[in-house]
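Turn these sequences into a full structure, and let the hints steer you where they fit.
Okay, here's what each chain looks like letter by letter:
There are 4 protein chains.
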Amino acid sequence: MAEGMSFPTSLGTSTADEIRLLGQDLTADLMGKVGFGELAFWLVALRRPTPSETRVFEAVLVALADHGFTPTAIAARLTYLSAPDSLQGALAAGLLGGGSRFLGVTEDCGMYLHEALEGRDPPTDDAGWDALALEVVTATRAEGKYVPGLGHPVHKVQDPRTPVLIGIASDEGLRGPHLQLFEAIGRVHEQVLGRKLPLNGAGVCGAALADLGLPVELLRGFALLARAAGLLGQLAEERRRPIGMDAYLTVDRNAVYVDPND
Amino acid sequence: MAEGMSFPTSLGTSTADEIRLLGQDLTADLMGKVGFGELAFWLVALRRPTPSETRVFEAVLVALADHGFTPTAIAARLTYLSAPDSLQGALAAGLLGGGSRFLGVTEDCGMYLHEALEGRDPPTDDAGWDALALEVVTATRAEGKYVPGLGHPVHKVQDPRTPVLIGIASDEGLRGPHLQLFEAIGRVHEQVLGRKLPLNGAGVCGAALADLGLPVELLRGFALLARAAGLLGQLAEERRRPIGMDAYLTVDRNAVYVDPND
Amino acid sequence: MAEGMSFPTSLGTSTADEIRLLGQDLTADLMGKVGFGELAFWLVALRRPTPSETRVFEAVLVALADHGFTPTAIAARLTYLSAPDSLQGALAAGLLGGGSRFLGVTEDCGMYLHEALEGRDPPTDDAGWDALALEVVTATRAEGKYVPGLGHPVHKVQDPRTPVLIGIASDEGLRGPHLQLFEAIGRVHEQVLGRKLPLNGAGVCGAALADLGLPVELLRGFALLARAAGLLGQLAEERRRPIGMDAYLTVDRNAVYVDPND
Amino acid sequence: MAEGMSFPTSLGTSTADEIRLLGQDLTADLMGKVGFGELAFWLVALRRPTPSETRVFEAVLVALADHGFTPTAIAARLTYLSAPDSLQGALAAGLLGGGSRFLGVTEDCGMYLHEALEGRDPPTDDAGWDALALEVVTATRAEGKYVPGLGHPVHKVQDPRTPVLIGIASDEGLRGPHLQLFEAIGRVHEQVLGRKLPLNGAGVCGAALADLGLPVELLRGFALLARAAGLLGQLAEERRRPIGMDAYLTVDRNAVYVDPND
Chain A
1 MAEGMSFPTS
11 LGTSTADEIR
21 LLGQDLTADL
31 MGKVGFGELA
41 FWLVALRRPT
51 PSETRVFEAV
61 LVALADHGFT
71 PTAIAARLTY
81 LSAPDSLQGA
91 LAAGLLGGGS
101 RFLGVTEDCG
111 MYLHEALEGR
121 DPPTDDAGWD
131 ALALEVVTAT
141 RAEGKYVPGL
151 GHPVHKVQDP
161 RTPVLIGIAS
171 DEGLRGPHLQ
181 LFEAIGRVHE
191 QVLGRKLPLN
201 GAGVCGAALA
211 DLGLPVELLR
221 GFALLARAAG
231 LLGQLAEERR
241 RPIGMDAYLT
251 VDRNAVYVDP
261 ND
Chain B
1 MAEGMSFPTS
11 LGTSTADEIR
21 LLGQDLTADL
31 MGKVGFGELA
41 FWLVALRRPT
51 PSETRVFEAV
61 LVALADHGFT
71 PTAIAARLTY
81 LSAPDSLQGA
91 LAAGLLGGGS
101 RFLGVTEDCG
111 MYLHEALEGR
121 DPPTDDAGWD
131 ALALEVVTAT
141 RAEGKYVPGL
151 GHPVHKVQDP
161 RTPVLIGIAS
171 DEGLRGPHLQ
181 LFEAIGRVHE
191 QVLGRKLPLN
201 GAGVCGAALA
211 DLGLPVELLR
221 GFALLARAAG
231 LLGQLAEERR
241 RPIGMDAYLT
251 VDRNAVYVDP
261 ND
Chain C
1 MAEGMSFPTS
11 LGTSTADEIR
21 LLGQDLTADL
31 MGKVGFGELA
41 FWLVALRRPT
51 PSETRVFEAV
61 LVALADHGFT
71 PTAIAARLTY
81 LSAPDSLQGA
91 LAAGLLGGGS
101 RFLGVTEDCG
111 MYLHEALEGR
121 DPPTDDAGWD
131 ALALEVVTAT
141 RAEGKYVPGL
151 GHPVHKVQDP
161 RTPVLIGIAS
171 DEGLRGPHLQ
181 LFEAIGRVHE
191 QVLGRKLPLN
201 GAGVCGAALA
211 DLGLPVELLR
221 GFALLARAAG
231 LLGQLAEERR
241 RPIGMDAYLT
251 VDRNAVYVDP
261 ND
Chain D
1 MAEGMSFPTS
11 LGTSTADEIR
21 LLGQDLTADL
31 MGKVGFGELA
41 FWLVALRRPT
51 PSETRVFEAV
61 LVALADHGFT
71 PTAIAARLTY
81 LSAPDSLQGA
91 LAAGLLGGGS
101 RFLGVTEDCG
111 MYLHEALEGR
121 DPPTDDAGWD
131 ALALEVVTAT
141 RAEGKYVPGL
151 GHPVHKVQDP
161 RTPVLIGIAS
171 DEGLRGPHLQ
181 LFEAIGRVHE
191 QVLGRKLPLN
201 GAGVCGAALA
211 DLGLPVELLR
221 GFALLARAAG
231 LLGQLAEERR
241 RPIGMDAYLT
251 VDRNAVYVDP
261 ND
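Protein chains in written order, with full-length UniProt numbering: chain A, 1 to 262; chain B, 1 to 262; chain C, 1 to 262; chain D, 1 to 262.
Hint data in this document are derived by calculation from the structure and do not stem from the laboratory. A couple of the hints might just be wrong.
Unchecked claim - Across the chosen pairs, the derived CB separations fall in these ranges:
(1) 51(D) x 173(C): 42 to 48 Å
(2) 246(A) x 213(D): 35 to 41 Å
(3) 131(D) x 167(C): 55 to 61 Å
Unchecked claim - Computed footprint of chain C on chain D, listed as stretches where at least three residues anywhere in the stretch have a Cβ under 8 Å from a Cβ of chain C:
(4) 34-47
(5) 122-133
(6) 174-182
Just so you know, these numbers come straight off a predicted model, no measurement behind them. Heads up, the beta-carbon is just placed ideally off N, CA and C, and yes, glycines get one too.
Written out as structure tokens, the structure is:
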């Protein structure tokens, strides 16, 4: 650190009369020419997605944007109720729930499939995929772990997002190995686990993002980006038709004191 | 609160086999058919934007997504360095800097123009706009307040985003009263303030968003959404080519103890 | 920035065999010798509080630590439910509600009293305090603003914390001008506002902190520190006897779709 | 959820004229009578600590409160620079760095020792502790994992906090099995790892907190509470003698653009 100190970046830099981003001229090459979803992809992947890739990518973001009164949406609304002066705080509070349990499945599923595929030649037919899926699910079960992307508390038979996203990826020629393995897991897991579970939407989104070549360690980030838009919608609605105060009072007025030693 | 307790929403709801969002069927009507920027607009405005509106809106998001090593980007990277297990925490830390000073200009400027226009018939020619701008800037000056959207630490003569965004809005027939008043402020403020300042990019974004009819109290939210994509890019780069440790050590190794009573 | 770059601090610094904090040797002078509340005071005020000051200061922190199922406590619990892997995220989410509305009164009240006292000789008897209070409340009313620290949604007649904290400050010889003005406001405001409101606990805490000489712009910070302890208690209880899932389901299961155009 | 809906808690509840916390009357039993550190312990452990326990507990909090320009302190200051209107956001941003890497050692070490001791009779002499430590370190090494609490980037020979905290615990009769096992690890690890590393301060704090009977899954929470006080000190100093702008400019002005394909 001294004379030679430097901080390398391929993202935004600017001079008095030019702003550059990703090696492009922001105003001449990007504004009005690149969609927001496209840019988000580009910022992480360092390459502009094709129109087909953009369509699949944005379908994923749309699928993940809002799920109504999730714990994260309620947390954001309660924070906005308490601190209406800080929209950024309410949004951040909502995103902080984007962890392992409610929003992590996208990343967990993408990583799981990615690891299962690593160092292998992908099968060339459904029988091959089924055999691989069976091997993978059996191994996971043997380790006492769970297979991510299976089951959903509300969509107990089928998650409506799953076939639709697979269809979009298929139309665009982007139904790659992660989606194919995930589908095969959907066909074979019952043999190992003893019961049929639906492939959930968060999981299929992870598989689709992995097929787009996005880094699997950052898939949670795309779920968070999608959720940022959803939370903005939640906060706009909280201004228009608030529920935060009622949610809070419902809990507080039904508080029951319990002896700490019980 | 009791039997009749209910929490109204127009956003996401779901049943065992359907997911609805904004009154649409998520899988049949939205996925693969609506872009992510379009959906973000829709979630707040409760109406689908036209293609022209979407182009202006996404140009704004693209303009605001990343400005390189801003305090927020560095904060996000340092948080990721400390807690690499929690991507959501690093993203949230970055967004928490989206307050009054570095990211607030978009909202401040949109609100300022909105209030100036409230209850008036918009002028019909440049002379009329100039007269209104002069009145507004003079009044602001008299109150000892500053006019938001003027000046930039780096782009001292012209912010390259300003003419480009005005051009895009103009092409799309969306150069409305907020942008026109902002442009007029750009022409006349020197008469009042005694020096010529550029209209900055954050300000022109606020004016453009206000012209799209988005609620001015939430404009900061769109800057935050744009920044969420930029921060994701920053965190992806921090994984690929980290600077957080160097940034931290540069500060820590140059720490100098000062007597607290000095 | 270059050779001469330096970052001054009076807080923590360390060498291979010593850690210094506030100009003290951490291990020889502080650990085991200074209480945690004392250190928190010292870190902001840059001087060690006296035992009397510590007692008042800690009584304030104890008073503000936990108020049960507040919006911030529920937000922290919901975040922990969603992301149990990140205790720091749940704690941060809870603190983010420490804004203008539910937790800001302490700071608002301290600042209000501070500004009212600035540049004046404090009165020497109750009649003098009452006259000043009357003047201040009348002026606030005339500006259409509200007097911070008056009224409480639950403690409609008297907030039990108010007389107790004044008593502690009095016992310790620390009932200074901020508390005295606040008490006088309690006596006279009915003449101006037309109704009698209790002096609330958050307000009296702000007055007491201001009397301790702590910087009024940072009083919210002490409320946040107190709340950090309370939120830790809430999260410990969420592990032991969870309510987050029930709180979430209560809202989600009672969601009612409303047409966005209504 | 309906008639019978209830949310149990042993923490704060209130009625019109009483506030209860932990089964105590807040104003009669706690304010002015319980220190802040005592209360923080009580809120998690559900029992009031003894004076000896309080002394060890507060020594730990004091030890962990501030380490100068850590990544978390810098992140908090940069956030405050960007959004000075939201002290809670700056504090939250700083705490969000309290994850696995810089602040997690306390919890990791406490848990590690706790698991090693589970289901065993603690040894009765140093030879017994050394044998157990050897077994534990050998097993950890065999699994390819690292032993938490060993080594420090600055205190390469001895962390000055370690002997002091052990001394305080010893004086108070609270040098329990976790500390004793940790000390034994300090004596024997060189035999297994091939080099001598110091027992670090964060680790010894984790051992001491575990010996106090605090839940090991929440030890990170106490490190966060301690850090909340330290961050408040950092933010107070940022107001008084700011370094955020210089830290930001040091990085930004030394940014070097790198082709994304390199």
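Right, here's what the structure says about each hint:
| no. | hint | in the structure |
| --- | --- | --- |
| 1 | 51(D) x 173(C): 42 to 48 Å | violated, 25 Å |
| 2 | 246(A) x 213(D): 35 to 41 Å | holds, 40 Å |
| 3 | 131(D) x 167(C): 55 to 61 Å | holds, 57 Å |
| 4 | 34-47 | holds (count 8) |
| 5 | 122-133 | violated (count 0) |
| 6 | 174-182 | violated (count 0) |
The structure shown violates the earlier hints numbered 1, 5 and 6.
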